[in-house]
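J.: The residues making up each chain are set out below.
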Amino acid sequence: MGELKLMKGNEAIAEAAIRAGVDAYFGYPITPQSEVIEYLMAEQPENRTGMVVLQAESELAAINMVYGAAAAGKKVFTSSSSPGISLYQEGISYIAGAELPCVIANVVRGGPGLGTIQPSQADYFQSTKGGGHGDYRLYVLAPSSVQEMADFIQLGFDIAYKYRNPVMIQSDGMIGQMMEKVELADQRPRWTDEEIKQMHDSWAAFGKGDHRERNIITSLDLDSSKQEKHNHHLQAKYRKMEENEVLFEEINCEDADYLIVAYGSSARISMKSVDLARAKGIKVGLFRPITLYPFPMKQLNAYVGKVKAILSVEMSAGQLIEDVKLAVECNIPVKHFGRYGGMIHSPEEVLTALENLIKGE
Amino acid sequence: MTEEIIIAGFGGQGVLSMGKILAYSGIMQDQEVSWMPSYGPEMRGGTANVTVIVSDDRISSPVLNFYDTAIILNQQSMDKFEKTVKPGGLLLFDPNGITHPPQRKDIKIFKIEAARLSAEMGNTKIFNMVVLGAYLKLKPIVKLENVIRGLKKSIPERYHKLIPMNEEALTMGMANSVEIFPA
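These protein sequence lines are chains A and B, in that order. If you count the first sequence from 1, position 356 lands on 356 in my numbering, and the numbers rise without skipping. If you count the second sequence from 1, position 70 lands on 70 in my numbering, and the numbers rise without skipping.
This is chain A alone, in the form it adopts within the complex (with noise of 0.2 Å):
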């Protein structure tokens, strides 16, 4: 068993980054992540690891860093809420057309633009259909405990190297400004330039040698039959994804007439929320995406013919039941739920959301 600690979400992620062997953080602090930047500086991980910390400049130097040094072959991880994470869209589709990995984690609070410091989940499109431009897809995983938020820089870097591709860690202020328990993993050892040389030698641009051509790293294509090859080799890849990489939880679904379908701080609620139900004789069942692109859509759709509504919560107007309803494909009658603009639901009115589908109204 790994190190036990009681951590803020925000901290378990940093902890953990330095923990995976990351080369280097780029960040610019923002409410309601900064402890994650704070957490870093405190801890002085060059002294650990050798790892790189650096505020950057600004949101866009910072996203910019990190396409640099994952175009390097080294491991690369930053962290911002909303609208810093607006600011680096531009910076993120480049580094998806370049296929270049690293790991982005999203404290969402509410907006649009300032909005306000408290938690939301109103970046779901954003982080899920691309919130820069171009046909690209992000890995998202959506954790919902500060156990989650620290397991899934691992797992975000093991999907990043295994598909090049940018990896979105979205949580929020809830999940990030909470403390739990966390059982942390050991230590691993950041990856030597002789490993680095042989595991990317294929793509990263760290220098040539003799035996090979120099790598490219660009995101531009001028002439539009290769861009449109190299936009099939995407798509392909993220086919795979959505093939392989899907992640959800399911509670109490067993026997459910009913579902809720949440992710991140609205499962956590929800799932009180299904507590409350069954003592009241409701048979209510969670279902919690955990990766929210590629979403568990065959796994969902499942429950077509044995559920009989399904209510989607979310600290949003709406933005998780687009891919609800798609996953059933109309055949289940769905409902969104949620406060938002950085309110918080409580397990309460998420039942009485609820209980007012079954009721049909």
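Keep in mind the hints are simulated off the structure, nothing from the lab. It cannot be assumed that every hint is accurate.
To be verified - Examples of chain B residues toward chain A, derived with CB under 10 Å:
| # | residue |
| --- | --- |
| 1 | Tyr24 |
| 2 | Met28 |
| 3 | Ser60 |
| 4 | Val63 |
| 5 | Leu64 |
| 6 | Asn65 |
| 7 | Phe81 |
| 8 | Ala119 |
| 9 | Lys161 |
| 10 | Pro164 |
As the list claims (entries may be wrong) - The calculated lysine to aspartate or glutamate pairs, modelled on DMTMM-like cross-linking and capped at a C-alpha distance of 20 Å, are:
| # | chain 1 | residue 1 | chain 2 | residue 2 |
| --- | --- | --- | --- | --- |
| 11 | A | Lys298 | A | Glu245 |
| 12 | B | Lys153 | B | Asp106 |
| 13 | B | Lys153 | A | Glu43 |
| 14 | B | Lys86 | A | Glu245 |
| 15 | A | Lys5 | B | Glu32 |
Keep in mind that this is a model prediction, so the values were computed, not measured. All C-beta atoms, glycine included, are put in the ideal place defined by N, C-alpha and C.
Use these hints to put chain B onto chain A, whose structure you have.
T.: For chain B alone, kept in the frame of chain A given last:
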């Protein structure tokens, strides 16, 4: 066992750190814990509160509307949280600064004069440990030895010399809660 607690008072009373020590104590005896503060504008002066859950099972919602126990340390928090105690639950408060004592007849109500006791002990900073001691006497969800282990984990090593004083404060709290209702 699942115990859902709200601790509420002024910023500076040690509300958040009391919650943190309680949560760490739960970890020391292999329980699941969550600690969810109110933060944001409220953090900048005024009231502070934290929801702590200690459980033998996986914890569902870290944010709650109703609690097994409310530990209330100022009038604003009394106004806000007296009504959120589940029927049959526990309300523990320090009467210092309370102008409207709790009125509920369906819950257990205890007071602990932690402000006075900690002042008499010559250190108002251990106020929150007196309160925690009183709570743990009433609901022994974590053992005292695990609170001490939790304290060691949650405060920097250079302050570990203060642990005996904190232990004394916990003991003082354990010995001094007074039942208000049912009297």
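J.: So which of those numbered hints doesn't the model satisfy?
T.: 7, 8, 9, 10, 12 and 14
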